[in-house]
Each structure stands twice: as C-alpha cells, then as structure tokens.
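Protein chains: 2
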Amino acid sequence: MPDVIAVGSIGLDTIKTPFGSVKDEFSGTAVFFSVASSLFSQTGIVSIAGTDIQKKHFSFLNKRGICTKGIQVVKGKTLRFSCYYEYDMNEAHVLKTDVNVFGKFNPVLPEEYRKARHFFIGAVNPKIQTKVINQLEDPEFVVMDTKPFWIEKSRKTILDTAKKSNLLLINEWEARQLFGTPNLQKAAKEALKLGPEYVIIKKGEHGSLLFTDGAYFSAPSYPLETLIDPTGAGDSYAGALMGWLAKSRTVTESKLRKAMIYGAVVASFTAEGFGLSRLKSITLKDIERRYQEIKKITCF
Amino acid sequence: MPDVIAVGSIGLDTIKTPFGSVKDEFSGTAVFFSVASSLFSQTGIVSIAGTDIQKKHFSFLNKRGICTKGIQVVKGKTLRFSCYYEYDMNEAHVLKTDVNVFGKFNPVLPEEYRKARHFFIGAVNPKIQTKVINQLEDPEFVVMDTKPFWIEKSRKTILDTAKKSNLLLINEWEARQLFGTPNLQKAAKEALKLGPEYVIIKKGEHGSLLFTDGAYFSAPSYPLETLIDPTGAGDSYAGALMGWLAKSRTVTESKLRKAMIYGAVVASFTAEGFGLSRLKSITLKDIERRYQEIKKITCF
Chain H
3 MPDVIAVGSI
13 GLDTIKTPFG
23 SVKDEFSGTA
33 VFFSVASSLF
43 SQTGIVSIAG
53 TDIQKKHFSF
63 LNKRGICTKG
73 IQVVKGKTLR
83 FSCYYEYDMN
93 EAHVLKTDVN
103 VFGKFNPVLP
113 EEYRKARHFF
123 IGAVNPKIQT
133 KVINQLEDPE
143 FVVMDTKPFW
153 IEKSRKTILD
163 TAKKSNLLLI
173 NEWEARQLFG
183 TPNLQKAAKE
193 ALKLGPEYVI
203 IKKGEHGSLL
213 FTDGAYFSAP
223 SYPLETLIDP
233 TGAGDSYAGA
243 LMGWLAKSRT
253 VTESKLRKAM
263 IYGAVVASFT
273 AEGFGLSRLK
283 SITLKDIERR
293 YQEIKKITCF
Chain B
3 MPDVIAVGSI
13 GLDTIKTPFG
23 SVKDEFSGTA
33 VFFSVASSLF
43 SQTGIVSIAG
53 TDIQKKHFSF
63 LNKRGICTKG
73 IQVVKGKTLR
83 FSCYYEYDMN
93 EAHVLKTDVN
103 VFGKFNPVLP
113 EEYRKARHFF
123 IGAVNPKIQT
133 KVINQLEDPE
143 FVVMDTKPFW
153 IEKSRKTILD
163 TAKKSNLLLI
173 NEWEARQLFG
183 TPNLQKAAKE
193 ALKLGPEYVI
203 IKKGEHGSLL
213 FTDGAYFSAP
223 SYPLETLIDP
233 TGAGDSYAGA
243 LMGWLAKSRT
253 VTESKLRKAM
263 IYGAVVASFT
273 AEGFGLSRLK
283 SITLKDIERR
293 YQEIKKITCF
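Top to bottom, those sequences are chains H and B. All residue numbers for the first sequence refer to this note's numbering, where the first residue is 3 and numbers rise by one. All residue numbers for the second sequence refer to this note's numbering, where the first residue is 3 and numbers rise by one.
Rather than coming from a laboratory, the hints here were simulated on the basis of the structure. Note that the coordinates shown come from a computational prediction; the quantities given were computed from them, not determined experimentally. Among the hints, a few may not be true.
Said to hold, decoys possible - DSSO-like cross-link-like pairs, simulated, lysine-lysine; straight-line CA separation at most 27 angstroms:
| no. | chain 1 | residue 1 | chain 2 | residue 2 |
| --- | --- | --- | --- | --- |
| 1 | B | Lys297 | H | Lys260 |
| 2 | H | Lys149 | B | Lys205 |
| 3 | H | Lys297 | B | Lys260 |
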C-alpha cells in the first residue's frame, strides 16, 4: 500500500527552451511528484487521463513502484500544455492549455488510498481539493498546493481548504497574491493563522522558506550552471520533500528542514534535462552527494 | 588612521514609500557604507559635496569616528536623488537624479588614506574607479561595485577595472547584465576569470551568494516583517561586510562568509527605517542577536 498519495494532473507537454524542445512529453504534477517521491517512499497517483495515454507511460510508473490504480482513463484526450522559455528561464510563457479530460476530474480515492498517511493535493480546483480531503480516513500529513488561476477565481475556497491541511506549499508569487502583500513574512503569518502548522514558500533559484509557529528556516537552492528545462522542478521538489518525510516516519520541524533540502536537490536534477529525462536516471547516491554539497554551501 | 576607505557618493535624497517620506535626507553610498562600516572599524570617506551640505552632517559622521578628510566641499549643490517605492519595495522608481557637483568628482586620496588596508570603490564612473586604484600604495583588499548605468555605458572599462580588485560586489541584475547571462553561476564564473579572487552577488530579500575558486556560499537575508525604506540597504551591507572583515584582520573565504551575514544583519536594520534613522541607533549587541538568529534559520 502506498505511503504517499499524489492528487494532480497527468499531461502531455510540449516545451521549447533555448536548448531544444519536446513534444507530447509525459508529464503533469502527479507524474513529476510521484517520480520524485518514489525515490524514497511507495507512492500512488490519483489523476485522470484520456485514451491517448500510452501503455508505456503506465509501465514506466509501475516499474518505479508507483501505484497507478487511482488513475482513471476515460474517453477523450489527455490534458495538453505547451509553453516556451526564453534564455531567462525564470518565467514560462504559456502558449496553450487544453484541459481536455482533466476538466472532468472528480477524484474518488481507491479504498486503500484513503488509509494512507501522507497526501499531496496539487493545484486543482479548490472544491475538488476539499472533496479529496473529505475522503481521507485518518491522514497524518496533508500538503496542499494552489496556483494563480485558482487564487483569482476561488480565493475564499482556497483559504477554507488550507484550514484542513497541515502544510501549505506555494510559490512566492502565489503567496503574495493569496494574502495580498509583497512581504513573504507577512503572507506566511497570515497563512499560519488559517490553521496549517507549516507553510513552505518556494522561490525557484532563490531556494525556499519554511514558516511555523515560532520558527523559520531558509533553504538555498542547489547552484545549477546547466539549466535545460525547469518544467516539473516545483512538483519534483514537493515529491522529494514528501517522499523523504514519509520515509522518515514522524513529521517534525527539524525533519521538514532536511526534507526541503532533499526537495531542492531533486528539483535541481529535474531542471538539468527535458521532462523526466534526468530525474528518472538519478540514484540515492547522486542525491546524497548534492545534499552534502548544500550542507557545505550554507555553513558559516 | 582609518582601516577602511569608502569612495562614493554623498547625496541628499527625497524618498517616498507607502509608509511615509523624507526630503533632502543625508545619504549616498559613502554615507550608508561608512555608518555601517564604522560599527566595526575606523572608516574614512572619499567623496564630494556642495556648499549646501551642513555642518551637522559632518559632525554626525565625525561623532561615529568616521574620517571626513577625504570629502571635498566645492561651490554648488550636493547630488540630489529622488525616488518612490510602491507597496512592493523590490524596485525603486527613480523620479530625478541631479548629479550637481558629483559630476566633477575626481578623487585625490589624502596621503594617509593611500596606505589604508581595505578599500571600497562604489558605483562611480569606472575610469574614476581605475584612477582611485592607481593611487593605492599597498592595498590588502579592494572591493568594487558598479551599476546598470555604467555597465551600459562603459562595460569594457568595468571589466578592466575588475581585474584590479579582489572582490567584485554587485547585485543580481548587474551580474546578469554585465556578463550577458541570466544564470548567476555562469556570470560569477566569468567574473572570476577576469581576476578578482571573490565575487559576491547581492539578491536583496533573497540573500547573497559568494563565489571563489572551488567554493560557493549562499547567505540568506534576515527575515524582515517591517520594511520601511530599502534605500541604502545594499551600501550598508557592503559597509558592514568590509568593516567586520577589516576588524578580523586577514581575509579568508571562511571569514567572508561570516562577513556576509553581518552585512545581511546590518542591511536589515537599515531597511527598517527611513534613511539612517534605524541604522544609526543600533548596537553591536543588536547585531549579534540577529547574527545568531540567522545561524538558527539556516541550520538543518
């Protein structure tokens, strides 16, 4: 039975960066998350795909021990997303999003998933996020993400849903937008008031920040000289963080700090190649090496 | 005799932020730098001001042990700068810059200054920076800054001058602009190839990065919830860094790491008030407290 359940999109992405391009590449939040998480813990996916999804995609996940029982395959096309990056890869320029069958995503968790310990609920419609949370039996740790589209559309529902999560995991722009302040410290304070014990704000190349009552942690990113395609870096950060946490059993602030560094390390590998190309080939030894490097670059 | 010499502007700033405004406030690179540096080491200023500069400005500096012998006062008006910040204070919106007498800045260092050990050469015309460096007798540590205006106008001269410095201290946008790459790792590598042993890239609220041959350090910023006016934060970062380094005698990579944290701490105080208002009232005890806090927020 999987320890970590990821609820989120499966997609076929078309990406162009100054270093090349890929077409209909197997991706999406649940895919990047689970590939990263499965490096540490048994992971299951809750998602939806169209009949154009291929057998090789499922067997790729299954070979990594990822449970695909929670993926509904329905008539129609899988979510398709295309974007390009200019030389400064901090911003994705979206060309097109065809939600396709993902528009019908209405997750019903398999019975055994409901008993899992750790849940990642990706940036889907907050109403669906609430529905998922209501299906959980006795979760130890629920992590919730969101995105600008939903903040604009359903801010109130997001804030309500956040109350039911243990960790709100968002990026810096989402934090500013969601809490109406440019100051991340203030935004995080507001977020903690809602109910979650922890807030993590991802800042891409600038690292990530952890906030909890009375404590604060600033994690750097891994210094990358070769950045090929940042797509999926944020989701694989979340996956590694949660996979490592689930493996280490109890969640504490001190363990979350370490988990964030594992997140940064795995995200750095993701960005070194297109799609999953680099991520799928790394070993725990590769990860450990970069983890130790980050230890050195933060020491004073 | 001062241990640290700061070459840069003296100005009278008019600043507006969502939290208030000040008019003709005593400021400029050399002022913020020296007030911060004087917390740790004897500091002297090389600059130019007009006859509208007031006695109280000099006595303020002198009371802090800052040597003003290197400040030329000439007929005319002092540099005047005005800008405003919107609620997101990451960007200063410049309204007006009247260089006034600063346009005639042609520094001739007092004899005793030339024998000092540590020099900070602010973001002035790179030709003037070279002239200053040529006046130094046996400097131990020369730090050079620059700004977008000069990168656009005199890129080649900046690169030539950087060769003669020990540390290039610039912000992230300047690094990207100067070395024509969005990747800070690559930019720093190019900078090191020029000759300086160290490169520090300041990233404001995201901290700062140190690069040297074979080593790398990522320093966080101090988490500020009350940001009133960021003017001078970068210059006081440089001042604290160099003042602390000069006090600790020899410059090593390990000491630079600590110096960067002192820089971050002092910059955080600067941004908590308009102009010098907060910076001028802090004690070494206040600084040490935040230094220890940063130790805690980076530990994993």
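Going down the list of hints, with the structure as the test:
no. : hint                : result
1   : B:Lys297 x H:Lys260 : 16 angstroms, holds
2   : H:Lys149 x B:Lys205 : 25 angstroms, holds
3   : H:Lys297 x B:Lys260 : 16 angstroms, holds
Against the hints set out earlier in the document, no violation occurs for any number.
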